[in-house]
Amino acid sequence: MTNTAGLETVNGVLMMSSRSISEMTNKEHKQIVRDIKTMLEQLGIYSANLHHDESKGFFIAKKEYNGRIVIDEILLGQDLSTTLVTGYSVQDRYKIIKRWSELESGKATPLIAAQPAAGSADILSIARVVAEATASATMKVLREVTGTNLIAVAPALSSPVAPQITQSGGCDENAFIAVTKIAWLTAFSDSSCRRLIDYADLPVQKVPGVRGLMVHKECFMSAFKKLIEGSTPPHGKRKRWQHPEFGGFTLREDPKEIFGEGE
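Each step along the sequence shown adds one to the number in full-length UniProt numbering, with nothing skipped, and position 190 is 190.
Careful: at least some of the hints might be erroneous.
Listed below are the simulated DSSO-like cross-link pairs for lysine-lysine, each with C-alpha atoms no more than 27 Å apart in a straight line [as the list claims (entries may be wrong)]:
#	residue 1	residue 2
1	Lys-217	Lys-256
2	Lys-206	Lys-237
3	Lys-63	Lys-30
4	Lys-256	Lys-181
5	Lys-37	Lys-95
6	Lys-239	Lys-256
7	Lys-30	Lys-95
8	Lys-63	Lys-217
9	Lys-63	Lys-206
10	Lys-181	Lys-98
11	Lys-217	Lys-206
12	Lys-181	Lys-239
13	Lys-27	Lys-95
14	Lys-30	Lys-98
15	Lys-63	Lys-256
16	Lys-256	Lys-206
17	Lys-62	Lys-206
18	Lys-181	Lys-62
19	Lys-37	Lys-63
20	Lys-217	Lys-62
Quick list of the computed label-pair ranges, beta carbon to beta carbon [unchecked claim]:
#	residue 1	residue 2	range
21	Gln-205	Thr-82	40 to 46 Å
22	Asp-79	Lys-256	33 to 39 Å
23	Ile-45	Ile-69	18 to 24 Å
24	Lys-237	Asp-79	30 to 36 Å
25	Glu-28	Gly-212	39 to 45 Å
26	Lys-256	Arg-34	40 to 46 Å
27	Gly-260	Gln-42	27 to 33 Å
Since the hints were made in silico from the structure, they are not lab data.
Just so you know, even glycine gets a beta-carbon here, dropped at the ideal spot from N, CA and C.
Kindly generate the complete structure, drawing on both the sequences and the hints.
What follows is the structure, given as structure tokens:
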């Protein structure tokens, strides 16, 4: 069995990368990304900030470039990837369908994580994903063993159901923390943390000598707690939390454990 590039497993879902589609169709990657955005918009699942949504069958991988967060590639499930190439040439459609067929027949195997490129940024990105998963499990065990809350709990906020999550000033400028670390502490995915930062317009900064985006910890925890309070928890067949404006998201731990409110 061969390890076929471009077919990856993201949160248990098989997906094909925009870069792989670009290679198979001989189209520029930026054109593929543009076509994907257009398709998602026409399907009614294109959000203003184009954040990933696992339930919709796509995933946005981002990277830092010249101090900005930009799209690195977009991964699509089988339905969306085949829908994308419907308007392409017969040869291009055949290549995509054949790639999925190879996977189903066992001639190809998907990658569990993205293949690292030559640059160190891609390698660090993969390492970060692994570290987050490991750290989340470690933090949970430490809480159970010591009974100690390992994060600073944000002040309790009294708010109506489905509150508007906003932050405007009043934050100590010296209490910033890396987004990867706040994701680690809150059992919230890195991408969901960035969604919340954008959605609530939280204070962020770049620190010289420190890689990655920094967010004000107390302001983030306040917005995070408010998000949970205004969201409907998973129930029945639904496995994701749902906020009327923020949308769906997943927590790897119970909120009581995250905020140290458990017994």
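The hints, checked one at a time:
1. Lys-217 with Lys-256: holds (18 Å)
2. Lys-206 with Lys-237: With Cα atoms ~41 Å apart, Lys-206 and Lys-237 exceed 27 Å; violated.
3. Lys-63 with Lys-30: holds (15 Å)
4. Lys-256 with Lys-181: holds (19 Å)
5. Lys-37 with Lys-95: Holds: Lys-37 and Lys-95 sit about 21 Å apart, inside 27 Å.
6. Lys-239 with Lys-256: holds (17 Å)
7. Lys-30 with Lys-95: Holds - the C-alpha atoms of Lys-95 and Lys-30 are around 19 Å apart, at most 27 Å.
8. Lys-63 with Lys-217: holds (22 Å)
9. Lys-63 with Lys-206: With Cα atoms ~15 Å apart, Lys-63 and Lys-206 stay inside 27 Å; holds.
10. Lys-181 with Lys-98: violated (41 Å)
11. Lys-217 with Lys-206: Roughly 14 Å separates the two Cα atoms, so the pair holds.
12. Lys-181 with Lys-239: holds (24 Å)
13. Lys-27 with Lys-95: holds (13 Å)
14. Lys-30 with Lys-98: holds (23 Å)
15. Lys-63 with Lys-256: violated (32 Å)
16. Lys-256 with Lys-206: Roughly 31 Å between the alpha carbons, so the hint for Lys-256 and Lys-206 is violated.
17. Lys-62 with Lys-206: holds (17 Å)
18. Lys-181 with Lys-62: holds (17 Å)
19. Lys-37 with Lys-63: At roughly 18 Å apart (the allowed maximum being 27 Å), Lys-63 and Lys-37 satisfy the hint.
20. Lys-217 with Lys-62: Status holds; Cα separation ~22 Å.
21. Gln-205 with Thr-82: 40 to 46 Å: With a Cβ separation near 42 Å, Gln-205 and Thr-82 satisfy 40 to 46 Å, so the hint holds.
22. Asp-79 with Lys-256: 33 to 39 Å: Hint holds: Cβ distance 37 Å, inside 33 to 39 Å.
23. Ile-45 with Ile-69: 18 to 24 Å: holds (21 Å)
24. Lys-237 with Asp-79: 30 to 36 Å: At 19 Å between Cβs, range violated.
25. Glu-28 with Gly-212: 39 to 45 Å: Violated - the Cβ-Cβ distance for Glu-28 and Gly-212, about 28 Å, lies outside 39 to 45 Å.
26. Lys-256 with Arg-34: 40 to 46 Å: holds (44 Å)
27. Gly-260 with Gln-42: 27 to 33 Å: At roughly 45 Å between Cβ atoms, Gln-42 and Gly-260 fall outside 27 to 33 Å, so the hint is violated.
Consistency note: the structure conflicts with the earlier hints numbered 2, 10, 15, 16, 24, 25 and 27.
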